[in-house]
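Sequences are here, hints too, so could you generate the full structure?
Protein chains: 2
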Amino acid sequence: MSDRFEMRLAGTGGQGMILAGIILAEAAAGGAGKNVAQTQSYGPEARGGASKTEVIISDTEIDYPKVIQADLLLAMSQEACDKYGREVKPDGWLIVDTDQVKRVPPHPRTVRAPITRISVEQIGRQITANIVALGVIVGLTGIVPRQAVIEAVERRAPPGTKEINLQALQAGFAVSEHTRGQNG
Amino acid sequence: MSDRFEMRLAGTGGQGMILAGIILAEAAAGGAGKNVAQTQSYGPEARGGASKTEVIISDTEIDYPKVIQADLLLAMSQEACDKYGREVKPDGWLIVDTDQVKRVPPHPRTVRAPITRISVEQIGRQITANIVALGVIVGLTGIVPRQAVIEAVERRAPPGTKEINLQALQAGFAVSEHTRGQNG
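Residue numbers (this note's numbering), protein chains in the order written: chain R, 158 to 341; chain E, 158 to 341.
In case anyone wonders, no lab produced these hints; they're calculated from the structure. Note that this is a predicted model, so its numbers are computed, not measured. Fair warning: there could be bad hints in the mix.
Note that the list lumps identical chains together, so a pair holds whenever it fits in one copy or between two copies.
Below, in silico cross-link-like pairs of lysine to any residue (SDA-like), each with a Cα-Cα straight-line distance of 25 Å or less [what the hints assert, rightly or not]:
{"id": "1", "residue 1": "K240", "residue 2": "G190"}
{"id": "2", "residue 1": "K240", "residue 2": "R266"}
{"id": "3", "residue 1": "K246", "residue 2": "E236"}
{"id": "4", "residue 1": "K240", "residue 2": "E278"}
Structure, rendered in C-alpha cells:
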C-alpha cells in the first residue's frame, strides 16, 4: 500500500457505520501508531437516511482528511454501492453486504458476504452487523492488527454489549478467511 | 454569524467528546438542514490521552472539513485549553470546564462553568459531563435548535442512559442561562 490508505464505510442510519469508523480509527492510531483522520458528513449529501464515515490512515501528517479515491469501500446499502462503487481504486477493495446490495459495479477485487445475515444467525442480533463488517475489513486487508481492533471494540462497545461485539468481530475475521482472494 | 461556524470540542479520552460532536452534528444536519462535517484526528496529535472532535456547520457545501479558526472552543482539559485556547476568533466563544481548567488565556467572550461538578452533583454521574457541556454550547450559541439536540441525544444515547443524558442536557441549558454575557 502507498503511504495513505483511504476507507469509506457507507450504509444507512442505524447500521452503526460511525461507530465502526471510530473503532477502526482508534485501532489504527493506537495499535499501529499511525496518523488517522475520521470524518462524517451530514446534510444534503446524507439525505434519505444515508450514513457514511471516512477513515484515512497515513504514515505522515494528514492535511486533507477526506477520501480522494477509496482504497476500500464497505457498501452496506444499495444506495451506498450505487453512489460510491465506481470510485474505488482498481487495486482497492469493494466489500458489499449481499443482504443489502444486489447490483455491484464491476471491480477486480470485489468481496461479497452476507454480513447482516451472519450477524443475525451467529450473534442473534442485526445491530452487530457493523462489527462483523469490521472483522471482514481487518481480516482481509490487515490494515490494523487484529489485537488492536479487539481492544478498540472492548473500549468502544456500548454498555452491556462487549461480548456480542467481540463475537461479531470474530465472525467477521472468519468470513475474511473464506472470502480472501474471491473475485468479482 | 458568517456562513461557516467552526467548533472544536477538546478534552481527554473517556470524556465523550466524540459522542458530543456526533450529537451536535446530527442535530445541526437534521433539525436545521445545514451542511455539517465532523472530524476526529488520532495519532501523534492526540498523544497522551487527548481527544478532540471538530464540527463545521455551513449553509453551503463544505470543501474543507476542519477548523481553520474556531468560532467556539470547548476545553474540558488544561492541555486542550493550552493547545487551542489562543486560536479562537475574537468574536467567538471560549468555554472552559473550571473543574479541569485553571489557566485560561485572555479572550473577550470566555465562559467558565463547573461542568464536571454539575454533572456529578445534579446527575450523579461524571460520564454525562459531555452532555452538560453540549447543553451549555447550544444554550449559549443557539447554533442548533434545542429540540433538535434533544432528539439527537434521544437517538444517540447509549442503551439505558437516555434519561440521565436528557437531564444532563437540561442542566447544561440551565447553566447557559446563568452564564450568558459573562466575560473573561
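**Study point:** Copy assignment of K240 with R266, given that the CA separation must stay at most 25 Å
**Key:** within (18 Å within a copy, 43 Å between copies)
Review point. Given a CA cutoff of 25 Å, do K240 and G190 count as a within-copy pair, a between-copy pair, both, or neither?
Key: For K240 and G190, only the inter-copy Cα distance (21 Å) is at most 25 Å; the intra-copy one is 32 Å.
**Study point:** Within, between, both or neither: K246, E236 at alpha-carbon 25 Å
**Key:** within (19 Å within a copy, 40 Å between copies)
**Study point:** Same-copy or cross-copy closeness of K240 to E278 [CA-CA at most 25 Å]
**Key:** Neither, since 29 Å and 48 Å both go past 25 Å.
Violated hint for the displayed structure: number 4, the only one.
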